[in-house]
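Number of protein chains: 2
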Amino acid sequence: MSPALILTRAAPPADILAADANDPLRGFRARFQLPEGLIYLDGNSLGALPAATPARLARAIDHEWGHDLIGSWNSHDWFGAPRRVGDKIAGLIGAGAGEVIVADSVSVNLFKLLTAALERQAGRRTILSEPGNFPTDLYMAQGLARMLGDRALRTVPADDIIAAIDDDTAVVMLTHVHYKTGRKLDMAAITAAAHAKGALVLWDLSHSAGAIPVDLNGCGADLAVGCGYKYLNGGPGAPAFLFVARRLQDELVSPLAGWMGHARPFDFIDDYEPGAGITRFACGTPPMLSLIALEQGVDLILDADPGLIAAKAEALSEMFIRSVETRCAGLGLSLVSPRAFADRGSHVSFAHERAYEICRALIARGVVGDFRAPDVVRFGFTPLYTRFSDVWAAGDALADVLETRAWDSPAFRVRTAVT
Amino acid sequence: MSPALILTRAAPPADILAADANDPLRGFRARFQLPEGLIYLDGNSLGALPAATPARLARAIDHEWGHDLIGSWNSHDWFGAPRRVGDKIAGLIGAGAGEVIVADSVSVNLFKLLTAALERQAGRRTILSEPGNFPTDLYMAQGLARMLGDRALRTVPADDIIAAIDDDTAVVMLTHVHYKTGRKLDMAAITAAAHAKGALVLWDLSHSAGAIPVDLNGCGADLAVGCGYKYLNGGPGAPAFLFVARRLQDELVSPLAGWMGHARPFDFIDDYEPGAGITRFACGTPPMLSLIALEQGVDLILDADPGLIAAKAEALSEMFIRSVETRCAGLGLSLVSPRAFADRGSHVSFAHERAYEICRALIARGVVGDFRAPDVVRFGFTPLYTRFSDVWAAGDALADVLETRAWDSPAFRVRTAVT
Numbered sequence: 001m002s003p004a005l006i007l008t009r010a011a012p013p014a015d016i017l018a019a020d021a022n023d024p025l026r027g028f029r030a031r032f033q034l035p036e037g038l039i040y041l042d043g044n045s046l047g048a049l050p051a052a053t054p055a056r057l058a059r060a061i062d063h064e065w066g067h068d069l070i071g072s073w074n075s076h077d078w079f080g081a082p083r084r085v086g087d088k089i090a091g092l093i094g095a096g097a098g099e100v101i102v103a104d105s106v107s108v109n110l111f112k113l114l115t116a117a118l119e120r121q122a123g124r125r126t127i128l129s130e131p132g133n134f135p136t137d138l139y140m141a142q143g144l145a146r147m148l149g150d151r152a153l154r155t156v157p158a159d160d161i162i163a164a165i166d167d168d169t170a171v172v173m174l175t176h177v178h179y180k181t182g183r184k185l186d187m188a189a190i191t192a193a194a195h196a197k198g199a200l201v202l203w204d205l206s207h208s209a210g211a212i213p214v215d216l217n218g219c220g221a222d223l224a225v226g227c228g229y230k231y232l233n234g235g236p237g238a239p240a241f242l243f244v245a246r247r248l249q250d251e252l253v254s255p256l257a258g259w260m261g262h263a264r265p266f267d268f269i270d271d272y273e274p275g276a277g278i279t280r281f282a283c284g285t286p287p288m289l290s291l292i293a294l295e296q297g298v299d300l301i302l303d304a305d306p307g308l309i310a311a312k313a314e315a316l317s318e319m320f321i322r323s324v325e326t327r328c329a330g331l332g333l334s335l336v337s338p339r340a341f342a343d344r345g346s347h348v349s350f351a352h353e354r355a356y357e358i359c360r361a362l363i364a365r366g367v368v369g370d371f372r373a374p375d376v377v378r379f380g381f382t383p384l385y386t387r388f389s390d391v392w393a394a395g396d397a398l399a400d401v402l403e404t405r406a407w408d409s410p411a412f413r414v415r416t417a418v419t
Numbered sequence: 001m002s003p004a005l006i007l008t009r010a011a012p013p014a015d016i017l018a019a020d021a022n023d024p025l026r027g028f029r030a031r032f033q034l035p036e037g038l039i040y041l042d043g044n045s046l047g048a049l050p051a052a053t054p055a056r057l058a059r060a061i062d063h064e065w066g067h068d069l070i071g072s073w074n075s076h077d078w079f080g081a082p083r084r085v086g087d088k089i090a091g092l093i094g095a096g097a098g099e100v101i102v103a104d105s106v107s108v109n110l111f112k113l114l115t116a117a118l119e120r121q122a123g124r125r126t127i128l129s130e131p132g133n134f135p136t137d138l139y140m141a142q143g144l145a146r147m148l149g150d151r152a153l154r155t156v157p158a159d160d161i162i163a164a165i166d167d168d169t170a171v172v173m174l175t176h177v178h179y180k181t182g183r184k185l186d187m188a189a190i191t192a193a194a195h196a197k198g199a200l201v202l203w204d205l206s207h208s209a210g211a212i213p214v215d216l217n218g219c220g221a222d223l224a225v226g227c228g229y230k231y232l233n234g235g236p237g238a239p240a241f242l243f244v245a246r247r248l249q250d251e252l253v254s255p256l257a258g259w260m261g262h263a264r265p266f267d268f269i270d271d272y273e274p275g276a277g278i279t280r281f282a283c284g285t286p287p288m289l290s291l292i293a294l295e296q297g298v299d300l301i302l303d304a305d306p307g308l309i310a311a312k313a314e315a316l317s318e319m320f321i322r323s324v325e326t327r328c329a330g331l332g333l334s335l336v337s338p339r340a341f342a343d344r345g346s347h348v349s350f351a352h353e354r355a356y357e358i359c360r361a362l363i364a365r366g367v368v369g370d371f372r373a374p375d376v377v378r379f380g381f382t383p384l385y386t387r388f389s390d391v392w393a394a395g396d397a398l399a400d401v402l403e404t405r406a407w408d409s410p411a412f413r414v415r416t417a418v419t
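Residue numbers (the numbering used here), protein chains in the order written: chain A, 1 to 419; chain B, 1 to 419.
Just so you know, the hints here were simulated from the structure itself, not pulled from any lab data.
No experiment lies behind these values; they were computed from the predicted model shown.
Please note: incorrect hints may appear among the correct ones.
Copies of the same chain are indistinguishable here, so a pair counts whether it falls within one copy or spans any two.
[As the list claims (entries may be wrong)] For lysine to aspartate or glutamate, the following DMTMM-like pairs were computed, each having C-alpha atoms within a straight-line distance of at most 25 angstroms:
| no. | residue 1 | residue 2 |
| --- | --- | --- |
| 1 | Lys-88 | Asp-303 |
| 2 | Lys-180 | Asp-375 |
| 3 | Lys-197 | Asp-150 |
| 4 | Lys-180 | Glu-273 |
| 5 | Lys-180 | Asp-270 |
| 6 | Lys-180 | Asp-267 |
Please work from the sequences and hints to get the whole structure.
Okay, structure coming up:
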């Protein structure tokens, strides 16, 4: 994405400029370090760099690691960081203090919570999910089922989930906002239906936390995991988080009985004893540099009014869909995401048989969305830094790519891995 | 550890100064950013900051994350980093290319390899280890045994391990250099004895990799894990690594079937298929900032001659033991580590009933070792940056603390968690 690739763009119309000028969140964009001229609609894959993060990390590197060295575990409270940042994230997802901890990756956290849930739900053999859920969610459940032998992952379409919950369902594992389609599931209704049948629910918040309202305790949720490097702007591969409702914490034991989850890790005794509360779901030593970056990203979001974030997520995505409906009609795109904002998150996807090449052609025009196999191009709207003029220009670029069949260029056909 | 705490020290004798002047590794100290006046003997807990790391991380933060954003997974080969850095670490531990990958924490990697080993060793029920092994190793095995129900962790003293291996032993799990005592086990002999009984061996290299010679393939080793933030100088909580001998890679499947270990992660298909070779032991998205810091630390060690590193580890630790034997005789210390370097790693431990307070009193004198419950004070010697004059001064400070009973001060009794 060198600056040379960024084309000169037409000025947006007055109403678009007015929307940016009147945006109550407009001041937040300056708190991110974004490349000049780039329209970045992939914050749902890797969030942008908060402007305060480089200096914070430089201090962590030079002063905490370099100068204070091992003492920083105490003097800079590295030890407390997983719970401290967890408590901050709790404020974004309707959880209470002591219900969230930062640890490991989404994948590893899924394994911990699924395993603990299966143990509690003795006699029930099924993990219920939907086909096409984010692959790592399905894979982790498959790995666990393979390991245990007598449990199985069962998938049914999202619309059939509630009907499929039965006495054999140990845990329902769903992603709140679907990574590909952006469809948002009804957390309250599915959780209530699961509880009525004695099942637990594990929610993956990777594509919702930080972008749209999540109310775990308001929905009576049991368990959740989520990603640190998408809307939380924690940097590439930032550690993930997990939530266990307080009422369940004493009943659940992590299979990954690492020393950081021990009741007294520095007693160095031979026998594992799970720590109190959410601490027992920690495992090994956390990657502090990545964790400190995550804290900066979370702090930034906490400065914004969550109602304004949600309203802007709706306005941005609605404007984009309308723009595509108007300007790209008849050009082969079909909306994959639900049309109504009430049914989706903050990203919007379209299918096209040449989706991969379209994605590449857009990147060449300085508009970064992403491709999701086999035929989806996906655009993420991050309320804190995406402008209405960005959305307008992205629609313009997309129309141009389709009208000119820019995607026919052989240059856009070479496949590379894209997250 | 403010500079105000550093006392003026006596100048070392001429032979000590000569040893530093003649040290063939003396140039490496300037490649670390160490606090002025501090004698840091805890690089076996958190390695010091390589001088090149801040600039490398600033580039990763500003340019790769901030500017190139999601494209960096390809353009800066973030995708390839776990295997690339793994291949570099392989060069330090006698492994081949494609046998090591950087992933997760030591704890999580232990779980992956123990589980995969147990599955392969069907019919054998025991994980054999030693009491007092690093707690997370024992805890992870306990968590796994608890989860599976029909397997168990059995511990016998290190000297009895070989005799204890029997037809029920699925895997022997040992730490090559003991975290507390510094005792080094005979990797070749134990591995051969295990193989003779049909057992596998999993070696934890956390306290050996980067400090003393390790020859996994020379010993016919099966499996290993190791730490990124000790002698590899990868920074606090740097990701860990794992080794699977090439001959075993196709037979073993990770229970943590994350998408980064899938054969084709970007096909986004519903069914897990383990990737080729060592890649299948990756799990979730790696913490890139911490991983990039680790690569700097590993690159630095690779610039040094491993024979010189080992020779200096011996010379430093031998000098320290002699110094304590001479200057602290009769003052209540007893050597916990093996006397002969052939039987230990690069750290040395002494027991004393007031070990905790002694450790605090030394820190107040600018000498940083660490305390390990219940009664051990531990000193790590990092050949690339520890000087002979540091070792001399540490011995001097220790003698002073003991002679003056400085540890009797109430200020040193307050306990804080120390890694």
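Worksheet item: Which hints, by number, does the structure contradict?
Response: Going through the list in order, the structure violates no hint and respects every one.
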